[in-house]
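Using the sequences plus the hints, can you model the full thing?
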Amino acid sequence: MGIWDTITDLVEAATPWSTVEAEAPSSNPAGAGPAKESASEVATETVDDSKSKDDSSEGKEEETEDEPEEEEEEEEEEELKDPKETLEEECRNSKQCAPAKHHFEECVERVENGSKEDCVEEFFHLTHCATQCAAPKLWSVLK
Amino acid sequence: MLARSCLRSTRAFAGARNGAINVSKRAASSSSGPNPEASPLRLNIAAAASTAVAVGSIAWYYHLYGPTAHAMTPAEEGLHPTQYPWVHQQFLKSFDHQALRRGFQVYREVCAACHSLSRVPYRALVGQVLTVDEAKALAEENEYDTEPNDQGDIEKRPGKLSDYMPAPYKNDEAARAANNGALPPDLSLIVKARHGGCNYIFSLLTGYPDEPPAGAHVQSGLNFNPYFPGTGIAMARVLFDELVEYEDGTPATTSQMAKDVTEFLNWAAEPEMDDRKRTGLKVLVVTSVLFALSVYVKRYKWAWLKSRKIAYDPPKAENQHHRL
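If you read the sequences in order, they're chains A and B. First residue of the first sequence? That's 1 in UniProt numbering, and the numbers climb one at a time after it. First residue of the second sequence? That's 1 in UniProt numbering, and the numbers climb one at a time after it.
Derived by calculation from the structure, the hints in this document are not laboratory data. Beta carbons are placed, not taken as given, at the ideal position from N, Cα and C, and that holds for glycine. You may find that some hints are simply not true.
Unchecked claim - Counterexamples of contact, computed for chain B against chain A with all Cβ distances above 12 Å: (1) A71; (2) W86; (3) K156; (4) A167; (5) L222; (6) K259; (7) V297.
Stated by the list, open to error - Dumping the calculated DSSO-like pairs for lysine-lysine here, alpha-carbon to alpha-carbon at most 27 Å: (8) B:K156 to B:K192; (9) B:K301 to A:K143; (10) B:K170 to A:K143; (11) A:K137 to B:K170.
Next comes the structure, spelled out in structure tokens:
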């Protein structure tokens, strides 16, 4: 977007050691997630093999430790929570958005006590703060 | 200017030095000139009066018409969308065509129920979003009118690559009737047609709060969305987690689907973007080469002038003496 992005792009394109990111169509239809897991499994197995020459019992322990993590990941995939909501919730409760949140909550309290106003403006400020704080984090999570 | 003021000051000094002579001269020559003994107030009366009139007229205008009335509340304006770091909007980045493919899937399975994409033919998708065979198969799913046959009847034929995407409704009136009076806009150019572009579309799709803020008035049949001007939008939230199942296994969260479909809509609005950026880089490359060439040519052409040497041989002193 900025001029510096363009310059770094040009430098990256000109340097011969830069990486080319052309994603090949994955043969595995399930996607990148399981593929990464299998890769990490292979890696841990090789590490385990090298260790097991000295101490076989430790390697087994590590393997048993790995298994519950994988199960957790699968559970997360089943639930599938939107990262935007979680990130914005974090931002809304962060110190950065504390003033906006404070104003919004005060307004909500006033309305609940019978004040004839709406909290749209306060809501706007809070939402603006939360989305702005979450935007770069969200883009690093999304594909 | 300086010279003139200097002259004047000398004249003033001269007047001061022999004032008596001057006064007698003036009295003898004329009596129509301004009185030098006038008070400073009388001298400045015109300036003061004109200034008073100027200030008064401004005040009168302000009294009559007053300040501009900005009768616009934040709710009517709508929340301005946050700037998201879109990769495809950087100067030298192309569209992520896997994202376009996912976005087209979202459009087809979700948006196409109400929104047309009437300016995009199937042939535009070939090589960008779909392969030729996929695009042909997709086109053949719909029926289009043929040319009139020998009897003058118009028959139906399966779609071809050159056909445009079919609209969900026959016309705008049908669309309004089916949607409670609200017209779902055509999405072909929607990214260009809205302030904020991609940011607005993404924010609108993901920005539906669980419940409107306290005290906000939402008309029946409308939904609260802070990004829509007026905050009451007829379109309800449509994107929910795992609404579509991506063929490449990407987790279909709400924000992921919104991001993909926004990028797809941006592609639909400016399908020439990738080529445009490449052409722009070509222009920069060619221009820089030509500039370098012009620098060399200039130096070559000016070489004789720049490298010349003007020598001055002074006549020798001995010869001069001899001449004298």
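- [ ] Just pull the numbers of the violated hints for me, sorted ascending.
- [x] 2, 6, 8, 9, 10 and 11
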